[in-house]
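Protein chains in written order, with the working numbering: chain A, 1 to 531; chain B, 1 to 296.
Check before you lean on any hint, since a few could be wrong.
Straight-line alpha carbon distances no greater than 20 Å define the calculated SDA-like cross-link-like pairs of lysine to any residue that follow [stated by the list, open to error]: (1) 77(B) - 133(B); (2) 133(B) - 472(A); (3) 129(B) - 101(A); (4) 129(B) - 263(A); (5) 129(B) - 112(A); (6) 127(B) - 109(A).
Note that these hints are calculated values from the structure, not bench results.
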Amino acid sequence: MSEIAGLGRMIRVILRRDRIQLPVWILVIGLLPAGVASAFTGLYPTTAALSTAAATIASNTAFVAFLGPIQSPTLGGLVVWRVGAALSVLAGVMSVLLITRHTRAEEQTGRRELIGSTTIGRQAPLAAAIVVGAAANLVAGLLIVAGLLNAGLEAKGAVAFGLAITTVGWLFTGIAAFAAQLPDSSRTSNAIGMAVIGASFVLRVAGDAAGTGGAGWLSWISPIGLAARVGAFAGERWWPVLVLTIVALGLVATASAISNRRDVGSAVIRTGLGPAEAVPSLRSPWALAWRLQRGLALSWTVAFAVFGLLLGAFAEGVGTLMEETPTLADVIARLGGSSIISNAYLAAMLSVAAGIAAAHGVQAVLRLHGEETDQHAEIVLAGAVDRRSWVGSHLLFGVMAPVVDMVVFGAAMGLAYGISTGDATEVLRVAGAAMVYVPASWVMVGLALLVFAVVPQRGALGWSALGAALILTLLGSALNLDQWLLDLSPFTHSPSVPGGAVRALPLVVLIGLSGSLAWSGLMAFGHRDLE
Amino acid sequence: MEDVIEVRGLEKRFGLTVALDGLDMSVAAGEVHGFLGPNGAGKSTTIRVLLGLIRADAGSARVLGGDPWRDATELHKRISYVPGDVALWPTLSGGEVIDLLGRMGGGLDGRRKSSLIDRFELDPTKKCKTYSKGNRQKVALIAALASNAELLILDEPTSGLDPLMEAEFGRVIREDSGNGRSVLMASHILSEVEALCERVSIVRAGKIVETGSLDDMRHLTRTTISAELAASPAGLPSLEGVHDLSVDGATVSFQVDQTSLDAALKVLASAGVVSLVSRPPTLEELFLRHYQEASS
Numbered sequence: 001m002s003e004i005a006g007l008g009r010m011i012r013v014i015l016r017r018d019r020i021q022l023p024v025w026i027l028v029i030g031l032l033p034a035g036v037a038s039a040f041t042g043l044y045p046t047t048a049a050l051s052t053a054a055a056t057i058a059s060n061t062a063f064v065a066f067l068g069p070i071q072s073p074t075l076g077g078l079v080v081w082r083v084g085a086a087l088s089v090l091a092g093v094m095s096v097l098l099i100t101r102h103t104r105a106e107e108q109t110g111r112r113e114l115i116g117s118t119t120i121g122r123q124a125p126l127a128a129a130i131v132v133g134a135a136a137n138l139v140a141g142l143l144i145v146a147g148l149l150n151a152g153l154e155a156k157g158a159v160a161f162g163l164a165i166t167t168v169g170w171l172f173t174g175i176a177a178f179a180a181q182l183p184d185s186s187r188t189s190n191a192i193g194m195a196v197i198g199a200s201f202v203l204r205v206a207g208d209a210a211g212t213g214g215a216g217w218l219s220w221i222s223p224i225g226l227a228a229r230v231g232a233f234a235g236e237r238w239w240p241v242l243v244l245t246i247v248a249l250g251l252v253a254t255a256s257a258i259s260n261r262r263d264v265g266s267a268v269i270r271t272g273l274g275p276a277e278a279v280p281s282l283r284s285p286w287a288l289a290w291r292l293q294r295g296l297a298l299s300w301t302v303a304f305a306v307f308g309l310l311l312g313a314f315a316e317g318v319g320t321l322m323e324e325t326p327t328l329a330d331v332i333a334r335l336g337g338s339s340i341i342s343n344a345y346l347a348a349m350l351s352v353a354a355g356i357a358a359a360h361g362v363q364a365v366l367r368l369h370g371e372e373t374d375q376h377a378e379i380v381l382a383g384a385v386d387r388r389s390w391v392g393s394h395l396l397f398g399v400m401a402p403v404v405d406m407v408v409f410g411a412a413m414g415l416a417y418g419i420s421t422g423d424a425t426e427v428l429r430v431a432g433a434a435m436v437y438v439p440a441s442w443v444m445v446g447l448a449l450l451v452f453a454v455v456p457q458r459g460a461l462g463w464s465a466l467g468a469a470l471i472l473t474l475l476g477s478a479l480n481l482d483q484w485l486l487d488l489s490p491f492t493h494s495p496s497v498p499g500g501a502v503r504a505l506p507l508v509v510l511i512g513l514s515g516s517l518a519w520s521g522l523m524a525f526g527h528r529d530l531e
Numbered sequence: 001m002e003d004v005i006e007v008r009g010l011e012k013r014f015g016l017t018v019a020l021d022g023l024d025m026s027v028a029a030g031e032v033h034g035f036l037g038p039n040g041a042g043k044s045t046t047i048r049v050l051l052g053l054i055r056a057d058a059g060s061a062r063v064l065g066g067d068p069w070r071d072a073t074e075l076h077k078r079i080s081y082v083p084g085d086v087a088l089w090p091t092l093s094g095g096e097v098i099d100l101l102g103r104m105g106g107g108l109d110g111r112r113k114s115s116l117i118d119r120f121e122l123d124p125t126k127k128c129k130t131y132s133k134g135n136r137q138k139v140a141l142i143a144a145l146a147s148n149a150e151l152l153i154l155d156e157p158t159s160g161l162d163p164l165m166e167a168e169f170g171r172v173i174r175e176d177s178g179n180g181r182s183v184l185m186a187s188h189i190l191s192e193v194e195a196l197c198e199r200v201s202i203v204r205a206g207k208i209v210e211t212g213s214l215d216d217m218r219h220l221t222r223t224t225i226s227a228e229l230a231a232s233p234a235g236l237p238s239l240e241g242v243h244d245l246s247v248d249g250a251t252v253s254f255q256v257d258q259t260s261l262d263a264a265l266k267v268l269a270s271a272g273v274v275s276l277v278s279r280p281p282t283l284e285e286l287f288l289r290h291y292q293e294a295s296s
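For reference, chain A alone in the conformation it holds in the complex (with noise of 0.2 Å):
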């Protein structure tokens, strides 16, 4: 047992460092469950209330594909529906930057190698992150258990929702675990564990968008398809639970198998050697920002792509699997045919990639605050470079960013949707509705980059406030929250289209206001001294 001494001393290092933040994630993770609960008991007060909302929601399968299917027409089954997915990926971002936080970030910064001279085992820094991560898994779902029997509901079916949050969670805190292991970069670390998360998503919604039939196997090899399938208050299935659990202790004992033999600060992906002189280019503040955030863009555009291809793949199913419904059929003529439905799974998907597009802008210009707190940034402002490129090099791709991926999403899914209609102007048309959504994405990197350059010892709140406006826009409805708080998001004022009417004002309010945060930013870094 000498390889986790000093597990206890680890964990209460981990706990003290993170006790603001992960008390954040846990108490938004277990609230909303019961939030969303109270709400829906005020908008459908009566069975038949329920039964109407969940049949009204289940004849519109743009909203089925984005959400999943509703289990269950009760308020267990409606609240579990509305919240399901987001809380998976929610509980799967906490574990995958608390993982990497307390790992691999460690190693890179050689923490982990001081730590490593103490008394303290070999294994137990790891250890440490694993049980912290799973137990931070585990209060978010007793939180909701706890919620949910508060709010009245059976308790069989909140142990199961309960259940199925913390598995999920456990699994990707296993994905972190391994993913650890293999970069010698946090940030990479990072990227692979969202990139899961991502997939599992979008599998899951390629898989319930193609109902039953050819393609609905996508979504149960899918982490967060898989806690659906635990089906909270409508007959609840034990397995998916059992099979998460297994699969994280698997990912867990790999981890921990490399961890054991591999050095500290080393990783399974080794580093090369580089260039002995720069390429002539490489000369300028732009320059190096391409440097730094090439290999993050490209990515991103990757993943945009692929994953616009697959989810437009399956809009036309979305339409017209509700047509050969006979008891549908006039419902949906009456909104006006298929097309509607689709455009309307349209619209969802695109403001989904719209706030994952603002965290890629976000990111892009948060690299402003990493350069900083790494010291990078003084060898650069002590050349001949002036405050106002260095912060322009990176604001540049935090505003191309969204742009670059909505409209590569916006294509790939368009095109993905003309190939099974046949007509190839859908390119266009979905790829020019994405472009809507962009000046939303921009007042979240102009707000990130005002905060980083007014109070740089907090530059990460950038994050915070991306976090708080797309829980508003994703998840404020379902809390029944006021107008004017959904407001506060950029995100609630996005067009929705395709299908939509598209209004002027609002898109020039959006792009006013970025362009002025961003302003102010670039201004008052030129009057701050260098942290």
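Mind docking chain B on chain A? Use the hints.
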């Protein structure tokens, strides 16, 4: 000769901490100027003001005739800087960083760069994340020393270097100063400063407490004397300006202020001198005296 750095009454606070408290300093063109002080005395803060990375709360600073904050970009074409804690981009190779830093500054002398890479025995193809602290230091030093800059600002330039590389660094600085390049070198390695610098400024708690050439400073301070005498040196203990006196039979050793040197030698001579060794104070003794005075 004109001063390349001229600082008057510089003040800088970080919250409640006073980092600079009315600091005055000047560095003449073509000189190698040592900037001495222990950790936290304000060396790096001064340097960051001189580079326009932070702005002073009060006082004035001129670097190469310009305002370091307002004219930062223009001035930086003529200045090269090596930070105290060299952090480089993990995914770039050492060679790429040297070229990039040179090009973002005032340009690089390619032949000099190759010769420095050889002299410092750096492998420029390695990625920065695989370099040790000493090798990262070499990357920053080569970029600065191979530049065409008129002024080098070096913060603890030899930290992490092995003794062989430290000696090599000394040789390069002496060559440079022969070519008219000005150097401001912050350090707390006194032997290095003593070997390389013509003038020195000693900083304590954000203020310069002593500045001048090493020769001047030595004249103003105590000389260490050890002597073997024929008889006991009567009156030496009561002589003003004699410090740390130790008498062991006929052997005495003490430090004496420059103003009392003549009187002390007369006392020794009257006791009969068998042998005598006189040694000027080392920089270390100068330095420690300033700091011990402060703490006592």
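- Task: Could you check the structure against the hints above and give me the numbers of any it violates, in ascending order?
- Result: 1 and 2
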